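Colleague: Model the full structure from these sequences, guided by the hints.
Chains S and L, in that order, give the protein sequences. Just add 9 to the spot in the first sequence (first one is 1) and you have this note's numbering. Just add 22 to the spot in the second sequence (first one is 1) and you have this note's numbering.
Honestly, the hints are just simulated from the structure, not real lab data. If you're wondering where the values come from, they're calculated on a predicted model, not measured in any experiment. Be careful, since some hints might not be right.
Restricting the straight-line Cα-Cα distance to at most 30 Å, the calculated cross-link-like pairs of lysine-lysine (DSSO-like) are [said to hold, decoys possible]:
hint, chain 1, residue 1, chain 2, residue 2
1, S, K71, L, K186
2, L, K186, S, K159
3, S, K149, S, K92
4, L, K50, L, K114
5, S, K94, S, K50
6, L, K50, S, K149
7, S, K71, L, K50
8, L, K50, L, K188
9, L, K114, S, K149
10, S, K50, S, K92
11, S, K71, S, K99
12, L, K120, L, K186
13, S, K16, S, K94
14, L, K50, L, K154
15, S, K159, L, K114
16, L, K84, S, K159
17, S, K149, S, K50
18, L, K114, L, K188
One side only, chain S facing chain L, incomplete, derived with CB under 7 Å [unchecked claim]:
hint, residue
19, E30
20, T31
21, P146
22, M157
23, I158
24, L160
Glycine is no exception: its CB is placed at the ideal position from the N, C-alpha and C atoms.
Listed below, chain by chain, are the residues.
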Amino acid sequence: MSNEELKTIISEILPNASFEETGEWLNIGLEAADWIESANKLRNFESMPFNFLFCLTCVDWKTHFTMVYHLRSTTTLDNIVVKVKLDREKPEIITVSDIWRGAELFEREVYDLFGVIFLEHPDLRRLLLTDDWVGYPLRKDYEDPINMIKL
Amino acid sequence: MISTENTTTNEFPGHIEEVPGGGIVLSKLDELVNWARSNSLWPLTFATSCCGIEYMQVAGPKYDFSRFGFEVARATPRQADVIIIAGTIVNKMAPVLKRLYDQMADPKYVIAMGACAISGGPFFYNTYSVVKGADHVIPVDVYIPGCPPRPEALIHALITLQDKIKMGMTREQMKSGL
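Modeller: Okay, here's the thing in structure tokens:
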């Protein structure tokens, strides 16, 4: 299905969404407050359930964070990208680990490296770094004078 | 007559002393031991990133490092003679690498393969996690530049290590004051 057709279908079920078609896949912009409801709609969409979350990551834009969710429908093999803007001072978003189970580890990784708090996450601990690590190393303003050589 | 002058070749380090009725092979024990060691170096199966792919190629039939005595890659450090650091060493891996090295029996040798193992390479700047050179953790005998190095470069490094062993005392020989 082309991105144009996807856009028509998705704008019907997600009226609040904004769209962007610069990349290979259709980008869908959503507000953090709408996210859990929209995620449920996408997951349970009858003709095209987006049942596979194949990538979950975060981008630090210095002014704000963007959560990026890559979704695939394994019935129609269509891919979409959902982007949710977060406040950098208070990065909080509801977890989607109850919708897509794989998100549990992805969200722990994003928490570990970006410090995004996933509300209602079942087990929000650091994943890769040691438990006593201070700070979130993938943030653009992260400083580590011992290990990092700045260019 | 086999030459004893140049120990950096693969020739046997000794000569035949002609005596009536035949000959006696004469050699120095140290040289003999080094000659034997250098031709039977068992590497540890150890790779932390993409250099490991090149390392596997060198172990495979096309490059085949068993031609030079590296045939038996060991999965345990207790049976390995040489550790080829094939890849990035991160801060979390560094204690593991040190432990592997400590578990290897003397004499033991280390080859740092590729830019990451030499200096951190592409991860030198702006990285919180990478050790800037594996020689911060364990002593290195031979360095191979490249990202990753060609299989030929690894073979060259292996032969360089053999030459180094044949040329002189090992670390443990120095320690025991021989």
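Colleague: If a hint holds in the structure, say so; if it doesn't, say that too.
Modeller: Here's how the hints hold up against the structure:
1. S/K71 x L/K186: Violated - the C-alpha atoms of L/K186 and S/K71 are around 52 Å apart, more than 30 Å.
2. L/K186 x S/K159: violated, 37 Å
3. S/K149 x S/K92: Measuring from Cα to Cα gives roughly 19 Å; hence the hint holds.
4. L/K50 x L/K114: Distance of about 44 Å is beyond 30 Å: violated.
5. S/K94 x S/K50: This hinted pair holds, its Cα atoms lying about 19 Å apart.
6. L/K50 x S/K149: Roughly 61 Å separates the two Cα atoms, so the pair is violated.
7. S/K71 x L/K50: violated, 68 Å
8. L/K50 x L/K188: holds, 12 Å
9. L/K114 x S/K149: Holds. L/K114 to S/K149 sits at ~22 Å (cutoff 30 Å).
10. S/K50 x S/K92: holds, 16 Å
11. S/K71 x S/K99: holds, 13 Å
12. L/K120 x L/K186: holds, 23 Å
13. S/K16 x S/K94: The given pair, whose Cα atoms are some 20 Å apart, holds under the 30 Å limit.
14. L/K50 x L/K154: violated, 41 Å
15. S/K159 x L/K114: Roughly 21 Å between the alpha carbons, so the hint for S/K159 and L/K114 holds.
16. L/K84 x S/K159: Roughly 42 Å between the alpha carbons, so the hint for L/K84 and S/K159 is violated.
17. S/K149 x S/K50: Judged against 30 Å, a Cα distance of about 33 Å means the pair is violated.
18. L/K114 x L/K188: With Cα atoms ~35 Å apart, L/K114 and L/K188 exceed 30 Å; violated.
19. E30: This hint is violated: S/E30 lies away from chain L, its Cβ roughly 33 Å from the closest one there, beyond 7 Å.
20. T31: violated, 27 Å
21. P146: holds, 4 Å
22. M157: Holds, because the Cβ-Cβ distance from S/M157 to chain L comes to roughly 5 Å (cut-off 7 Å).
23. I158: holds, 5 Å
24. L160: Hint on S/L160: holds, closest Cβ of chain L at ~4 Å, below 7 Å.
In this structure, the hints that do not hold are numbers 1, 2, 4, 6, 7, 14, 16, 17, 18, 19 and 20, in rising order.
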